[in-house]
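One letter stands for each residue in the lines below.
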Amino acid sequence: AQTVTQSQPEMSVQEAETVTLSCTYDTSESNYYLFWYKQPPSRQMILVIRQEAYKQQNATENRFSVNFQKAAKSFSLKISDSQLGDTAMYFCAYYTNAGKSTFGDGTTLTVKP
Amino acid sequence: NAGVTQTPKFRVLKTGQSMTLLCAQDMNHEYMYWYRQDPGMGLRLIHYSVGEGTTAKGEVPDGYNVSRLKKQNFLLGLESAAPSQTSVYFCAIKTGYGYTFGSGTRLTVV
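Read top to bottom, the protein sequences are chains A and B. If you count the first sequence from 1, position 18 lands on 18 in our numbering, and the numbers rise without skipping. If you count the second sequence from 1, position 98 lands on 1098 in our numbering, and the numbers rise without skipping.
Just so you know, not all the hints are guaranteed correct.
[What the hints assert, rightly or not] When the alpha-carbon atoms are kept at most 20 Å apart in a straight line, the in silico SDA-like pairs for lysine to any residue are as follows:
hint, chain 1, residue 1, chain 2, residue 2
1, A, LYS100, B, VAL1060
2, B, LYS1014, B, TYR1064
3, A, LYS70, B, GLY1053
4, B, LYS1094, A, THR96
5, A, LYS100, B, GLY1053
6, A, LYS100, B, LYS1014
7, A, LYS70, A, GLN56
8, B, LYS1094, A, GLN56
9, B, LYS1071, A, ALA98
10, A, LYS100, B, GLY1098
11, B, LYS1094, A, GLN44
12, A, LYS100, B, LYS1009
13, A, LYS100, B, LYS1071
14, A, LYS100, B, GLY1051
15, B, LYS1009, A, LYS70
16, A, LYS55, B, GLY1098
17, A, LYS100, B, HIS1029
18, B, LYS1094, A, GLU10
19, A, LYS100, B, GLY1096
20, B, LYS1094, A, ILE46
21, B, LYS1057, A, ALA98
[To be verified] Estimated spans, in silico, between C-beta atoms of each pair:
hint, chain 1, residue 1, chain 2, residue 2, range
22, B, GLU1079, A, GLU17, 42 to 52 Å
23, B, LEU1022, A, THR96, 37 to 47 Å
24, A, GLN56, B, ALA1082, 45 to 55 Å
25, B, ASN1028, A, GLY85, 24 to 34 Å
Calculated directly from the structure, the hints in this document are not laboratory data. Heads up, the beta-carbon is just placed ideally off N, CA and C, and yes, glycines get one too.
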């Protein structure tokens, strides 16, 4: 069975600083996708960044980047220059080519002014 | 959210009542999903579909049924609602880049 673990239920960071959210997963598959989603208080699920397991290069989207360690099954999210609008719950998710998905329980991030 | 529409947005049911949630996409994607999100938790997959006329069970399928008669629509049914089904329900589609979610349905079963 696939599992996704986010070991930090809550985190906080000062505005303009950098924060890293952790995610580990367990799978026996070799080809899969990993995602980070942001869920602000509006409840909307917003895709932040994605990583294909076959790619060694870490994905980057503006201030958001990942550290993908396939052998260690680790997929952390780094947010640089944190902004107040980054305050949200962040979910790590794992998807297979067959269409199944598994989400972590989330990390609540608060950006303080 | 653009492209994925869920109806209704809110609903209160009595125990034992039935209802159907509708997810509609205005694109032509094959994969559609239904999730539930309980307080303080991530999304758990209920059922999904890989194309018109197909459905498959996810992680927590008990108490739910689904149908995909038309490619654009994915319906989630509760035949006999229970308080344990109080949750926020999300529909999603798989696009070329990732997954796009609807805005959610808050369901309360009393």
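- Message: For each hint given before, does the structure comply? Return the numbers of the non-compliant ones in rising order.
- Response: 3, 6, 8, 12, 15, 18, 23
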